Amino acid sequence: MSSTPRTSVKEAVARGIRRRYAQESVFRALGLGALLIGLGFLAFFFYTLIANGYTALAQTRLRLDVALDATVIDPTGSRDPAVLEGADYQKLVRDALGARFPEVTARGDLRALFALVSPGAGLEIRRLVVADPRAIGTTRSVWVLADDDVDVLVKGHVSRDLPEVDRRITDRQLEWLSRLESEGRVALRFNRYFFLSGDSRDPELAGIWSATVGSFYMLLVTLVLSFPLGVATAIYLEEFAPRNRWTDLIEVNINNLAAVPSIVFGLLGLAVFINEFGLPRSAPLVGGLVLCLMTLPVIIIASRAALTAVPPSIREAALGVGASKMQMVLHHVLPLALPGMLTGTIIGMARALGESAPLLMIGMVAFIVDTPETPLDPATALPVQVYLWADSPERAFVERTSAAIIVLLVFLLMMNAAAILLRKRFERRY
Amino acid sequence: MASSTLLLAVVGLAVLAYYLGRQRAVSGVLGAGPRVYSHSLPGYHGGYVALWCVLPALLLLALWQIFEPIWLRDTVLAQLPDDLRALPSQQLGLIYNDIRNLVEGNVVSSSPSADILAAASRYAALRQTSHGLATGAVLVLGIACLAWAFRRVRPDFRARNRVERAIEYLLIAASMVAILTTIGIFLSVLFEALRFFQQVSPLDFLFGRSWSPQTAIRADQVGSSGAFGAVPLFAGTLLISGIAMLVAVPVGLMSAIYLSEYASRRLRAYAKPMLEILAGIPTVVYGYFAALTVGPILRAVGESLGLEVASESALGAGLVMGIMIIPFVSSLSDDVITAVPQALRDGSYGLGATRSETIRHVVLPSALPGIVGAVLLAVSRAIGETMIVVMAAGLAANLTANPFEAVTTVTVQIVTLLVGDQEFDSPKTLAAFALGLVLFLVTLALNVIALRVVRRYREQYE
Chain L
1 MSSTPRTSVK EAVARGIRRR YAQESVFRAL GLGALLIGLG FLAFFFYTLI
51 ANGYTALAQT RLRLDVALDA TVIDPTGSRD PAVLEGADYQ KLVRDALGAR
101 FPEVTARGDL RALFALVSPG AGLEIRRLVV ADPRAIGTTR SVWVLADDDV
151 DVLVKGHVSR DLPEVDRRIT DRQLEWLSRL ESEGRVALRF NRYFFLSGDS
201 RDPELAGIWS ATVGSFYMLL VTLVLSFPLG VATAIYLEEF APRNRWTDLI
251 EVNINNLAAV PSIVFGLLGL AVFINEFGLP RSAPLVGGLV LCLMTLPVII
301 IASRAALTAV PPSIREAALG VGASKMQMVL HHVLPLALPG MLTGTIIGMA
351 RALGESAPLL MIGMVAFIVD TPETPLDPAT ALPVQVYLWA DSPERAFVER
401 TSAAIIVLLV FLLMMNAAAI LLRKRFERRY
Chain Z
1 MASSTLLLAV VGLAVLAYYL GRQRAVSGVL GAGPRVYSHS LPGYHGGYVA
51 LWCVLPALLL LALWQIFEPI WLRDTVLAQL PDDLRALPSQ QLGLIYNDIR
101 NLVEGNVVSS SPSADILAAA SRYAALRQTS HGLATGAVLV LGIACLAWAF
151 RRVRPDFRAR NRVERAIEYL LIAASMVAIL TTIGIFLSVL FEALRFFQQV
201 SPLDFLFGRS WSPQTAIRAD QVGSSGAFGA VPLFAGTLLI SGIAMLVAVP
251 VGLMSAIYLS EYASRRLRAY AKPMLEILAG IPTVVYGYFA ALTVGPILRA
301 VGESLGLEVA SESALGAGLV MGIMIIPFVS SLSDDVITAV PQALRDGSYG
351 LGATRSETIR HVVLPSALPG IVGAVLLAVS RAIGETMIVV MAAGLAANLT
401 ANPFEAVTTV TVQIVTLLVG DQEFDSPKTL AAFALGLVLF LVTLALNVIA
451 LRVVRRYREQ YE
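For the record, the sequence lines run as chains L and Z.
Here the first sequence is numbered in my numbering, starting from 1 and rising by one per residue.
Here the second sequence is numbered in my numbering, starting from 1 and rising by one per residue.
Everything labelled a hint here was simulated from the structure, so no lab data went into it.
Heads up, some of the hints might be wrong.
Here are some of the chain L residues that sit facing chain Z, going by a computed Cβ distance under 8 Å [what the hints assert, rightly or not]:
| # | residue |
| --- | --- |
| 1 | Phe27 |
| 2 | Leu42 |
| 3 | Phe367 |
Everything numeric in this text was worked out from a predicted model, so none of it was measured.
From the three backbone atoms N, C-alpha and C, an ideal C-beta is built for every residue, glycine too.
Isolated chain Z, as found in the complex (with noise of 0.2 Å):
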């Protein structure tokens, strides 16, 4: 925790440095009188010194957060004895975690020998003077770059701007923070994906038709050719979601035709956010209501039809994620609907249509662009769901369209593949990242044709 201390540091020299830039400015430096004018503020003044004390410092001992493990890797292992340099590189590795182990005072894999302890001294002392030559380093310069702006100061310095300019490239960095998600994301799936796609043939991920994501520990054990055919995922999570969408549009809809056309406006304040509160409970919620009282409930009903229906059935996990996006699908066609002109309305009125005629003739088909849209994004939504599957689908892959079977998804299979220890080169784990790169592409895609749609239509009547 060295280099929170420094951090501490620097940020009161930076105070220093305010206080110090401000001084000068107001006492008048260099012969002229307190009255004398001044382009800027004394306070930009200030904050000028104080940026050039701050900047450059992070800047270095960022730079020294990052290069300095590598150096002190590199320097550790060269003072190895040669018959431990010419291990392989992964053991090296081990060997070098053992050593880092030793000086933190963790537990150490095995009993470490006499050139092991001797790194493990030279390991501390060499990091030692690290940190020592890293605090110095950062605040002579963070003083020197002190000194330097301070001398800058005089009553024609335009501070204002300088420290404006810095400001505006501090708001454009952090407006790069989402793009770089972005990039993170798709980068960070792809590449494991990609690490996953050199064991299994993409082809058989996305056409094989059996999943059983097991390796094998031994090569005669049962079972241990695993299999990634991505298809029944990909199944379950569309009957699911197709389910989902059986409940959650009709009863969307509806409810936004009614409340927009028909209710009252009493009715409407008190039932619009009441139904909006369903989206707002969290889904876990949702995949504990599904998991302990839907899943039994249907179970009772199936049994007294005389039906065959799994505790975790697609049903189940359907229906209660219809429910959750209910207000999803209905508060986005609510909007579209209001935003039909009135005229169109009253023209159809006028023709003798009743109102439901009117909604059913007139509203909905120009209002169906954005109706379009608000489905997809309540599928998409759907499809990424997890906490619900998770606790109330089942884990086994089935190809099926029987609802009332247990059925698995893609978001289950990457909890179940991550969820516990993994070791990061089996195709067992690098699976549910490229299960992620399809689930990822696939909301994206409906998120943009969504846009897309919403975004056409609204232009018509603007």
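Next comes chain L alone, as it looks inside the complex (with noise of 0.2 Å):
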């Protein structure tokens, strides 16, 4: 007890302060922890994207000197357009590359050799053909389409010095490709498949196309149906409606159902829409009805939200010169409020062009090659897509899938580009 209780005070006090500033310190600390763990997530997430998926723009193809063989394409030499659609441009690529590896001659060997090429192949040297008929009888050097395996083998995705057990390419395919390669006829081009055809079996073949196109014919119903209807209840509840119980249990209704669960619509879509009213399933027809009834609460909030910001004074001054409460509303607050209106709309699509799950319920997760041509054929949607590549296990599906959400990803940039350029030129300080 030799110091005064003064300087005990004054003591424990500093100490306080520098344990209340230590935890401070802490404190902030774990606030900007949390931050960045949030953020670093985004950049980790768009890194593994980025990286997964860029080698999806390119592809593998192999330089083979196929012999447009007369006595295959058209036999009869007619020229007519059905035979030359019907000939087996496939045994065109396979004579070539069997010409290649003259070596090659037991029948199980050919199989594997001939594996090296995609089934598409065939396909492009039809296309080539169907083109310009005079090329046959000819030789032409072609770079044909290679098979996935051999594809995701020479970006390197798949080592080479793995045992062969655990490669799809044996040995000896191996062996043919290094040939090929140090013969320069191996070299990666540009991946058109990829934007511009529909689903496939085959890696090397499959696309968005198709995919978009549903996408495009689904947020097309969705806009049609809820724009409109989204409007017109922002407008009533708005404008119109008087205050009491039934326009109460309206927008508590509104504002639950931007919460129900996505998968909820779907059962909604299939119980409902399919089961009740017939309309076909896989159709985006139906995925664009569904999306509909989804996207409606952000439409109405967003639209009500930009009627309550035209001030009082428009108003007052429009009904001052006469105008009816209907010309009041549709010809001075609805035109300034409809930039706010859209903006909302497109957030809201935005949100429907990535949704899924509500579109699994009503059959969109089938495996459709063909392109919509109608709101009514069997679709397939983007996100869907990412999904269906996304449970396959052939390895060259990764990178298309991380491809497929990049240009998922690129809509809706632009989507939300659009709106917020939408609101910074139209929006007005009253």
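Could you use the hints to bring the two separately framed chains together as a complex?
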């Protein structure tokens, strides 16, 4: 008890302050850490996507000297388009490959050799011949499509040093491939199948075009239905509805609909649109209807906010010069609120584009190769295509899934950028 | 597609009606000069005539579309020979389907007999007459109403009021859609769920501890008894959502606190939208990420620590789902934290509290109801989330609390039960609707509670 009480208080306070400041910095660091975790994940996420996906832009092709043998393509020499369409072009590709490796004669070896090229290679030759029938009888040097197993190997996704049992390419195939490579007959070319074709069991032929068209039709149906409905609902609730229990009920309903899990909307679509109304399964029309019900609350909420932002002076001026209430709303308030409504609609559409769970319920997970021509044809959507590919075991689908995701994200980015631009361009301060 | 041409014709008629009504109003009808005072603008007269022309015609068309199939079915079936008519209703339905498919040119289930062929040609003829009748009736009704409305156009006719009332009814009808959707969801899910509960007792469903949704093809096959006890699904859902909340709540809340209380204006302007990008990423992308990146990483880490981690572990799905929910928690909490009045903070600083003490002892307690509301909304999001768990969680119903094992959730089971071909009378598919009903009710309850909590809080400072 040598020190006076005064100094001990002072010391205690000083110690306390040190402790409290330490706590302060710990707390602050925790906050920053949390933020960095979130942003770090975002960075990691985009890094993996791009690192996995960019290789899907290119595709391995093999240069073969294909003899366009007239006896195979058009034995009678009629040059009839139907004959040209129906010929066995894959045989020409196989013959060209066989001519490259004359020492391969055993049946099993030949099959392994022919597995190096894609089943789609013949279709490319067909296109070449149909476009230019005079080529028949000549020998063309063509870059034909390689099989996906070759593709992943050339791109280095699957190591050549793996033991043979762990590879889908055998040692002999690898040897042939190395020979082609040393002759400069293997190269990476732009992957147009990815952008221009539909789904396929062969990864090298699979593309996102059908899914994109399906998504487009679906969004079209959604937009045509949900925009007028949403705007009309917002106008009624904001401008005309009396404040009573009934309108309260509608409001509570809209807020709750916005939070109902999307899969429940899928159940509704299955039970009502498909089972009760008998609409076709897998059709973009049904998908659009379901997504319309899902986006409706988003559009209504945004549209109501846009309507409330129009100042009362505009309304009073319109009423003051003798407009009726309906004229006031439709001629003066609505045009001013429209940009805000459109912004909300675009954001709702972007959400609808990324939605996949309800589409699984209404059968849009079917394997669909053909591009849908009307909203009633069976189709799939971009996010569902991602889901389907993510489930496929082939290694070559990994890069395609990532690339499809990148395309999906680019679409979403464009839609959100459009919404932001619209907001910037038409935003008014009253 | 005959009805679409008819629809186009009706629209054409409406355009004509608008033009006629307008012309009549402009020209000054019934002897009055062109400068006579008219109550409404010419466009409203035109609109009035057009509405009268279109609405009754469309109503008739809609009624026809609804009742035509019923009438066709009854007439065609009534003319079938007696031995076919005596069949039970289900088989009769199949025969009727065959008849219709024959007419549509689709593949038929069996080679058609002469009776069926005759019925098919009768069906085709009947349908053609029906279409002809419908076209005639709709067009005649449209023209008749047009003529009637056209004659009513006079200078003193209050066309504007009528048109405006019609528009208002349209607006009301539009706002009914939201209600109808909710009712539709509830009833459609409820009816199918009730059919399920006729076959499986609700108590077994809610409290049973074994889930293996099969229906037997033969009575003696292995595992023929389907078990529909949903407790493992509820437990799995809670486990994954719980892991997700363990990630999302601390990270989301702390980033909201940092962004609203510590971060500089510039950092906030960049970091906040970037964090919200996370909310805009489609869930299927998170699912892909969870299944292909996070799952293998967790497995590798687990192996190096000597832990047995399933490749579809609850942990992986929960972690990724938590990341998805971070922006949800953070932006909602950010709003409530910013809404705490500055005076409270100033008072606390004035007493000598540090920033973190102010946040912990003053800001957070007064923002608590809002934060609780945000967390409840996030929980309802997590429970209803589908794609992440479909892609990254398991299918087998394990009743376990071990996050390293694979569990399944309510949404996963709904998807697996309903994807693919199904028949709508087996408990297997109907179980999905029972699960959907539970999901709908739980999320609805969570939302209602959350909105209540948030609303009550807001009133404090107003």
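**OP:** Under 8 Å, Cβ to Cβ, is where Phe367(L) needs to be relative to chain Z, so tell me if that hint holds or is violated.
**Re:** violated, 12 Å
Subject >> Hint check: 8 Å Cβ-Cβ cutoff, Leu42(L) to chain Z >> reply: Check passed: Cβ of Leu42(L) comes within 6 Å of chain Z, closer than 8 Å.
Subject >> Hint validity - Phe27(L) Cβ closer than 8 Å to any chain Z Cβ >> reply: Holds. Min distance 4 Å.
Figure legend: structure checked against the earlier numbered hints; the only hint not met is number 3.
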